[in-house]
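S.K.: These protein sequence lines are chains A and B, in that order. Our numbering numbers the first residue of the first sequence as 5 and each following residue consecutively. Our numbering numbers the first residue of the second sequence as 7 and each following residue consecutively.
In short, the hints are calculated from the structure, not lab data. Nothing here was measured: the structure is a model prediction, and the numbers come from that model. The reader is advised that the hints may include incorrect statements.
[Said to hold, decoys possible] Below, computed lysine to aspartate or glutamate pairings styled on EDC-like, alpha-carbon distance capped at 20 Å:
#1 Lys234/B to Glu158/A
#2 Lys217/A to Asp216/B
#3 Lys118/A to Asp90/B
#4 Lys307/B to Asp216/B
[Stated by the list, open to error] Computed footprint of chain B on chain A; a stretch qualifies when at least three of its residues, placed anywhere within it, have a C-beta under 8 Å from a C-beta of chain B:
#5 41–51
#6 85–97
#7 106–114
#8 146–154
#9 163–169
[Unchecked claim] Partial selection, computed: residues in chain B whose CB lies under 7 Å from chain A:
#10 Ala10
#11 Gly63
#12 Arg94
#13 Ser130
#14 Ile146
#15 Asp150
#16 Leu165
#17 Asp166
#18 Val168
#19 Met172
#20 Leu174
#21 Glu178
#22 Arg240
#23 Ile290
#24 Glu296
Beta carbons are placed, not taken as given, at the ideal position from N, Cα and C, and that holds for glycine.
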Amino acid sequence: MKAIIVYKWARNAADAVVRTDGSIDWRNAKMSAGEDDPAALVVARKVAADSDGALIGLTVGDGDASWALARGVEQAFSVSDALSMADNAATAAVLAAAVRYLGDVDLVIIGDSKENPGVPVALAGDLGWPALMGVHSASMPAGQLQATRRVGEEEQTVSLPTPLVLGISADSDTDQVPGMKELLAARKRPLTKLTLAELGTAPGDLVSIGCRKPDVTRTRVFDGEPAQAAAQLVAALRAEGVL
Amino acid sequence: MSTASWVLVTMESWRGAFAAAQPLGAITAVVVGPRSLADEVADAGPVEVLWLDPADGVPAEAYGSPLAAVISAAGPRVVVATSDPVGRVLLGAASARLRAQLVPRVVGLALDGDTVLIHRAAVSGETIETLAGHGPVAAICDADDVPLQRSGPAPVNRLDLVAAPMVLVASEPIAVATGLEDAERVVSFGRGVRAKEDVALVRGLAEALDAELACSMPIADDLGWLEKSRYVGRSGNHIKPALYLAVGIAGAAQHMEGVRGARVVAAINSDPDARIFQTADYGIVGDLYEVVPALIAEVHK
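Extracted from the complex, chain A is given alone in its bound form (with noise of 0.2 Å):
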């Protein structure tokens, strides 16, 4: 098995500003490891280790692409002049090339993100594999994949064919942070950079033609005294007669 941990492919977009005419300042915004990173690697190592495989890590973008060598990942890739863009089919390109040019792959995990949902099944569809979303966790037992996601109110386990795309859902927000053992033993770790001509792939983007603020109730924040709070706000919830 040659499984591919895709990381840190899209920019932060609590970092991004955005302005009171809702234009956006994305300058502050770099690349950075998605909330569903973390888990997508956890699971992306299960699996490499249940597979007695090689895992490899892939990246885009000017992040920081030690993340996953500090995490355990033995090699990575970086397409570090590809650009965030607003058509996620053109970043899933960028993936599709990279995981062409790595060859032989067998399995791709990636991070289900929430701020660009289309990225990893756009990249499924690039590569012309099945793909499963919203995992939360995989295992390969007896040599054959398995997923478990959650449909509705019910935990559904998936036997699954290779080559695969396998979007994983993280269940909570923690992430393992490596300790100066691992950062060291990172900086020993090959890191290669691919650029997009090296893979072929010249992405467009969609055109921006502008950006309005959405009619948005802000949250009504009652601070001072608690007794006093807490006045307010029993009398907004009877106001709204949920109490």
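Starting from the known structure of chain A, arrange chain B on it as the hints suggest.
M.R.: Only chain B this time, still in chain A's reference frame:
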């Protein structure tokens, strides 16, 4: 007849996606699921419903590739799907075949001459960005469910497709605590509660409000302060009370997914920048050890 827009229906909340595609003209609908769902969609006025009923024990995703071939043969300009895992996988396969641009979190679509205007929620929904699509477009639609006019019924034609070898090997019901699922009011707590003996304080608030008690995942999973059937979140309970009162919960996306159906969300947190204040309707910034007793006293007044 081949239409310019197609809608993939894979879940019960499909009306928002269907309504988003309506400004683009006549619709062909693909329904993956029971016949009753296909009949419902047929009543909304598509030109045709293509109905796929997955074989027993076969996940719907197993039909991604042959379904993509059906859609790409019709050559639509726009394909819209809902954001559930099945809808997205089927859309991803179709999108690649069509060489479409794929945009998630779409809230509306429009035509401007030959250009498809795509309105999408960007930066975690803080702004609505309009993108111009000049070729085929695939949209993952997050629009809210809306009532649709009956128009209809369109013919429902069955699709017979060959599935990829995916097999459902087990299906277990997720444990739900008695009373939590249908509760009118839920008081829930997270790591802001510092010790197990302090759970009694939050329990007291729940009793005062005649509410069920719940918690965030780490409280049940890591600390074991409440039974696992009582945690709310992506992998736990999905509840829709009239009031969800979160005490000392930071508001991670995984947690908030479990209360998406709540009518009013209120939060108590000492951190004014806690994520829960981005989504809650009401909030108190303060120390829960002072605020919770004050709330109990206020309710008893």
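S.K.: Have a go at the methionine 172/B hint: is there a Cβ in chain A nearer than 7 Å to its own Cβ?
M.R.: holds (6 Å)
S.K.: Is the listed coverage of the segment 146–154 of chain A by chain B valid when you require three or more residues with a beta carbon under 8 Å from a beta carbon of that chain?
M.R.: With 3 residues in contact (Cβ-Cβ under 8 Å with chain B), the coverage given for the segment 146–154 of chain A holds.
S.K.: May I ask you to test the interface hint for glutamate 296/B with respect to chain A, counting a Cβ-Cβ separation under 7 Å as satisfied?
M.R.: holds (4 Å)
S.K.: Let's test the interface hint: is any C-beta of chain A closer than 7 Å to that of serine 130/B?
M.R.: Hint holds; serine 130/B Cβ to chain A Cβ min 5 Å, cut 7 Å.
S.K.: Report holds or violated for the interface hint on leucine 165/B, using the least CB-CB distance to chain A and a cut-off of 7 Å.
M.R.: Violated: closest Cβ of chain A sits about 18 Å from leucine 165/B, beyond 7 Å.
S.K.: Mind taking a look at whether chain B covers the segment 41–51 of chain A? Criterion is 3 or more residues with CB to CB distance under 8 Å.
M.R.: violated (count 0)
S.K.: Quick check on the hint: valine 168/B CB to chain A CB, less than 7 Å?
M.R.: violated (13 Å)
S.K.: Does aspartate 166/B pass the interface hint, meaning its C-beta sits closer than 7 Å to a C-beta of chain A?
M.R.: violated (19 Å)
S.K.: Taking the closest Cβ pair, is arginine 240/B under 7 Å from chain A?
M.R.: Arginine 240/B check passes; min Cβ-Cβ to chain A is 6 Å, inside 7 Å.
S.K.: Does the nearest C-beta of chain A fall within a distance shorter than 7 Å of the C-beta of glycine 63/B?
M.R.: violated (10 Å)
S.K.: Is the interface hint for aspartate 150/B satisfied, with its Cβ closer than 7 Å to some Cβ of chain A?
M.R.: Violated. Min distance 12 Å.
S.K.: Does the interface hint hold: is arginine 94/B within less than 7 Å of chain A, judged Cβ to Cβ?
M.R.: Holds, about 5 Å.
Against the hints set out earlier in the document, violations occur for numbers 2, 5, 7, 10, 11, 15, 16, 17, 18.
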